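Could you put together the complete structure from these sequences and hints?
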Amino acid sequence: MKVKKGRIFLDDLDRKILEILMSNARLTYTEIGKKLGVAHSTVYERIRKLEENGVIKKYTAIIDLDKLGFKPTTAFVTIYSDPKESENIARKLAKSKNVLEVLISLSEEFLIIAKVIAENQEKLHSFIVNSIAPLPGVLRVRTAIITKKIKELSSTFNM
Amino acid sequence: MEFRGKPLREIPKEKAFYFFTSIGNYTGEKAHSLHEFLEKVKEIDIKSLEFHLYRGDFEKWIREVLGIRELAEKMDEIQKLNLRGETLRTLIYETVSRFTKERGQT
Chain A
138 MKVKKGRIFL DDLDRKILEI LMSNARLTYT EIGKKLGVAH STVYERIRKL EENGVIKKYT
198 AIIDLDKLGF KPTTAFVTIY SDPKESENIA RKLAKSKNVL EVLISLSEEF LIIAKVIAEN
258 QEKLHSFIVN SIAPLPGVLR VRTAIITKKI KELSSTFNM
Chain B
168 MEFRGKPLRE IPKEKAFYFF TSIGNYTGEK AHSLHEFLEK VKEIDIKSLE FHLYRGDFEK
228 WIREVLGIRE LAEKMDEIQK LNLRGETLRT LIYETVSRFT KERGQT
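Heads up: the sequence lines are chains A and B, in that order.
Residue numbers for the first sequence follow my numbering, so the first one is 138 and each next one is one higher.
Residue numbers for the second sequence follow my numbering, so the first one is 168 and each next one is one higher.
FYI, nobody ran anything at the bench for these hints, they're computed from the structure.
Just so you know, these numbers come straight off a predicted model, no measurement behind them.
Each hint can be trusted.
Some but not every residue of chain A turned toward chain B, in silico, with C-beta under 8 Å: (1) A212; (2) V214; (3) Q258; (4) L261; (5) H262; (6) I265; (7) V266; (8) A270; (9) P271; (10) L276; (11) R277; (12) V278; (13) R279; (14) T280.
Glycine is no exception: its CB is placed at the ideal position from the N, C-alpha and C atoms.
See the structure below:
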């Protein structure tokens, strides 16, 4: 990995290490080294630099909520907003525990897209009524409730 | 007759009535008073009236936020008629309109 004028450049080895970590972050340096044919010390050094430079933000666990008997309602909520208030709306949403992701789109209209989770559909609706609709600048809201998840990845290099 | 609310008084935005057409789908229309509510009933998508009436949202808002038990009970009675479409809109409009006129609050 090289840093030039604040920009980070990864080489093939960095990318391969990241791909392995994205599928299993609990592998040891030795295990990763064996898979890639390099020494564990090389893997350690690469990962340390990736962490220090913020390429690896954190290591986290993906919990299967079904196994805990918790089947929440997840929805993608699209908020059509006044462009002057959009940043404020997005920041307020980002603070909520019910909101997993907040994205901004500038396609034809100014849109805020939020991935929202709630205990059930009724609580999802209450959240939108009480915490989204009253925010200044919210023009209208469209909600798509997720009924089935086919694939989930946090990121990828294979585009 | 119980009437402890002030239907024409503006209420805070967080207590306004927000019109949805289904779960999570907000039309962008809201009412901060009974007068505004009546105006919205005239023109809002009929799906919104059907959605809220049959969830008991109108009855709840009129009772709990505006504090008008009598009108809330009338909403409950309309709900039991199981009407749809423009007939429903007319009945809700006339009921609320009559209520406000009877009290000289048009």
